[in-house]
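Trainee: Each chain is listed here by its residues.
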Amino acid sequence: MAEASITLGYWGIQGLAEPIVKLLEYLGLKYQVKAYTSPEEWAADKATLNTPFPNLPYLKVGDKTLTESEAIAYFLVFHANRTDLFGANNDERVQATAVRGVVSDVTRDFVAFIMDASKHAEQDKYFEEKIHPRLARLNAFAAGKKHIIGDNLNLVDFALFHALYILGKMDSKVLDNYPNLQNIINNFNAIPQINAYHASDAFKNKPLLPPTAAYKFRD
Amino acid sequence: SDVYKRQMEDTVVLAYWHIQSFAEPLRMLLEYLHIKYEDKAFHTDEEWAADKKALNFPFPNLPYLKDGDKVLCESEAIGYYLAFKAKRIDLFGTTEDERVQATMVRGVLADFYRDIGQFVWNPNCATDQPKVFEEKFNPRLKRLNDFAAGKKHIIGDNINLVDFLLYQVLYTVRKIDAKALDAYPNLQAIAQTFENIPEIKAYHESDRFKSRPIYDDEAPFKFPAP
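Read top to bottom, the protein sequences are chains A and B. The working numbering runs 5 ahead of the 1-based position in the first sequence. The working numbering runs 1100 ahead of the 1-based position in the second sequence.
These are calculated hints, taken from the structure and not from any lab test. Because the structure is a prediction, the values reported are computed rather than measured. You can take every hint at face value.
Every beta carbon over 12 Å from chain B, so not counted as near; a handful from chain A, in silico:
| no. | residue |
| --- | --- |
| 1 | 30 |
| 2 | 35 |
| 3 | 121 |
| 4 | 149 |
| 5 | 157 |
| 6 | 198 |
| 7 | 205 |
| 8 | 223 |
Per the computed footprint, the stretches of chain B lying under chain A, defined by three or more beta-carbons under 8 Å from a beta-carbon of chain A, are:
| no. | segment |
| --- | --- |
| 9 | 1171–1180 |
| 10 | 1236–1250 |
Quick list of in silico lysine to aspartate or glutamate cross-link-like pairs, EDC-like style, CA-CA up to 16 Å:
| no. | chain 1 | residue 1 | chain 2 | residue 2 |
| --- | --- | --- | --- | --- |
| 11 | B | 1170 | A | 96 |
| 12 | B | 1187 | B | 1110 |
| 13 | B | 1185 | A | 96 |
| 14 | B | 1166 | B | 1138 |
| 15 | A | 135 | A | 114 |
| 16 | A | 69 | B | 1197 |
| 17 | A | 65 | B | 1197 |
| 18 | B | 1185 | B | 1167 |
| 19 | A | 69 | B | 1196 |
| 20 | A | 178 | A | 129 |
| 21 | B | 1166 | A | 96 |
| 22 | B | 1170 | A | 97 |
| 23 | A | 65 | A | 50 |
| 24 | B | 1187 | A | 96 |
| 25 | B | 1185 | A | 97 |
| 26 | A | 69 | B | 1198 |
C-beta atoms are modelled at their ideal positions from N, C-alpha and C, and glycine is treated no differently.
Next up, chain A with everything else stripped away, as it sits in the complex (with noise of 0.2 Å):
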């Protein structure tokens, strides 16, 4: 069977996307990168691009374009005939659909506090009040566990993965507390696929934030 071209279309940033470039480098599959540079750049494409709800990341397979981040790691774990990666049974499958509600709500809050300058001088209170607490949650949940949902590697764990790296690059100490969560990273980082494109200069090279994020991380 032919193998339908992929083109994810993003801003050429890690930022919300990432999880689905870590998804398509551990399932295997070649794809290139369309890379946004400017607002109006991509209000061109936005104009053409046939899909109902046009959107950044988008990806496109073949004719088709889709956009939501969710749905298109749902099309390439179908794509790629992972449906494991759901979950290996129905409680997993539930278990993971509320770990990543938690993800999603963790993501969009210290999103919101990166984009928002006026925040930044209140980060540790931010962290105490709004991060702390759900990563406690995480860590607890992540007990005994190789990754998030179990024995076996979840989508969610890309989301996971993301979202406490970037924490941790707010704050180096983010994860001083949580040992569980620290092994599940561990194991994520050790997946092959994984660790080879960490390694790689698209990984390397590639900036966390857009230019107009005016947050500095602590190094």
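With the hints as your guide, set chain B onto chain A.
Mentor: Structure of chain B alone, referenced to chain A:
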């Protein structure tokens, strides 16, 4: 007796604040699936604090679903759980393509519903309303309307979990502005089809539904009284 005990175990508990908001799609789903449930609704922080303590669950949140010993949080996970419990996996989508489409629509609706919540809690909602409709609500309604063309439910012939969220979005938007769907006939048709589902219709005629506010009374946007 054993029979009574089994019947009680067959009743799940859905707990939330005494408003529609995020729990309403789940209440409609429970009704549709004929799952017996206790509609636990908290009016005050104290009520929730007391219940939280009795629940004895490590990370309690609202809404939650309790089924026997099991406690589950996160609205989407609760929806999934109920679909599995009722053996209605068709509600996820009857083909892979439908499942992907439904996931896409859910992403769009989740953003939309969040924007509605922000509008309702915006102290300047009255003055901002025309702008919010023009810039945020109408563009999405238009795209959803186009997507809905020729369809019985939002994904196609078959009802889907996302229909419950879509209906709640359309219902709420129409309560904000009675004319909100006038330009979107496909969405009106889908809302009407959904409302006419016997279980949904019966639920909407119940006192429980009719007496429940959409959002908190303290919210800046004042909905018409239920």
